[in-house]
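Visitor: If you're matching them up, the sequences are chains A and B in order.
The first sequence: position 15 = 250 (my numbering), numbered continuously.
The second sequence: position 3 = 12 (my numbering), numbered continuously.
Don't read these hints as lab results, they were simulated from the structure.
Fair warning: this is a prediction, and the values are worked out from it, not measured in the lab.
Ideal Cβ positions, reconstructed from N, Cα and C, are used throughout, including at glycine.
Be careful, since some hints might not be right.
Unchecked claim - Computed list of lysine to aspartate or glutamate pairs in EDC-like fashion (alpha-carbon distance at most 20 Å, straight line):
id, chain 1, residue 1, chain 2, residue 2
1, A, Lys272, B, Glu53
2, B, Lys20, B, Asp95
3, A, Lys276, B, Asp95
4, A, Lys303, A, Glu290
5, A, Lys276, B, Glu29
6, A, Lys276, B, Asp33
Claimed, not checked - Under 7 Å between C-beta atoms, here's a sample of chain A residues computed to sit facing chain B:
id, residue
7, Pro278
8, Phe336
9, Gly338
10, Gly339
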Amino acid sequence: EDKVVQSPLSLVVHEGDTVTLNCSYEVTNFRSLLWYKQEKKAPTFLFMLTSSGIEKKSGRLSSILDKKELFSILNITATQTGDSAVYLCAVANNAGNMLTFGGGTRLMVKP
Amino acid sequence: GAGVSQTPSNKVTEKGKYVELRCDPISGHTALYWYRQSLGQGPEFLIYFQGTGAADDSGLPNDRFFAVRPEGSVSTLKIQRTERGDSAVYLCASSLTSGIGETQYFGPGTRLLVL
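Please take these sequences and the hints and turn them into a complete structure.
Guide: Pasting the structure below:
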């Protein structure tokens, strides 16, 4: 059974801080790892990672995958209050099309 | 264009009642997924459609849950004889196809409360 574990469970920082969110996984026939941001209900897509060592970047957010050590990190630099959300990590395998999600990291950015 | 839409936004029902939750995927997306998210947890897979057929329903918890997608677009998740443990946010997602590398885009969900 595929498994995804995220840490920390929650995090409180101040605006301007840099944060690193962690995601480790166990997947049979790994296909991809995805990061989503969930503010209220709808998870919104951030990144899809398929190859080790290649950083994906979007503004202040970046992510990288390590397929040898089976983890990914999501970095947010110069955090803003609008970054407050639950960040979800999910993996897809080659056996099917479902995503297996971790429990999420709840980030709160204080002014 | 419009994203994935779901109705109703919220549904309150009594134990034992029947409910239907609707999902309207992004236009042109052939793959559609249902997930369930309990408070403080990540979404859990329920069922996946490719076109009109359920390609994988391994996540449905029991036979009280059923989903259809008769014309390959809108899908309805049906829950019979609801139980308090069914209370959760039901999320729908769609992707352009079901191939490798296809991103799933999520709707805002339906929050179901069974009293």
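Visitor: Decide, hint by hint, whether the structure agrees.
Guide: So, going through the hints one by one against the coordinates:
Taking the CA atoms of A:Lys272 and B:Glu53, the gap is near 16 Å; set against the 20 Å cutoff, the hint holds. With a C-alpha separation of about 12 Å, the suggested pair B:Lys20 and B:Asp95 falls inside the 20 Å cut-off, and the hint holds. With a C-alpha separation of about 17 Å, the suggested pairing of A:Lys276 with B:Asp95 holds against the 20 Å cut-off. Taken as a hint, the A:Lys303 and A:Glu290 pair is honoured in the structure, with Cα atoms around 15 Å apart against an allowance of 20 Å.
Among the hinted pairs, A:Lys276 with B:Glu29 is consistent with the structure: their alpha-carbon atoms are about 19 Å apart, no more than 20 Å. For the given pair, A:Lys276 sits about 16 Å from B:Asp33 by alpha-carbon distance, which is consistent with the 20 Å threshold. Annotation: interface hint on A:Pro278 holds; nearest CB of chain B at approximately 5 Å, less than 7 Å. A hinted interface residue such as A:Phe336 counts as satisfied when its beta carbon comes closer than 7 Å to some beta carbon of chain B; here the least separation is about 3 Å, so the hint holds.
With a cut of 7 Å, the hint placing A:Gly338 at the interface with chain B holds, because the nearest CB-to-CB distance is about 5 Å. For A:Gly339, the shortest C-beta to C-beta distance to chain B is roughly 5 Å, which falls under 7 Å, so the interface hint holds.
Going through the hint list in order, the structure satisfies each hint without exception.
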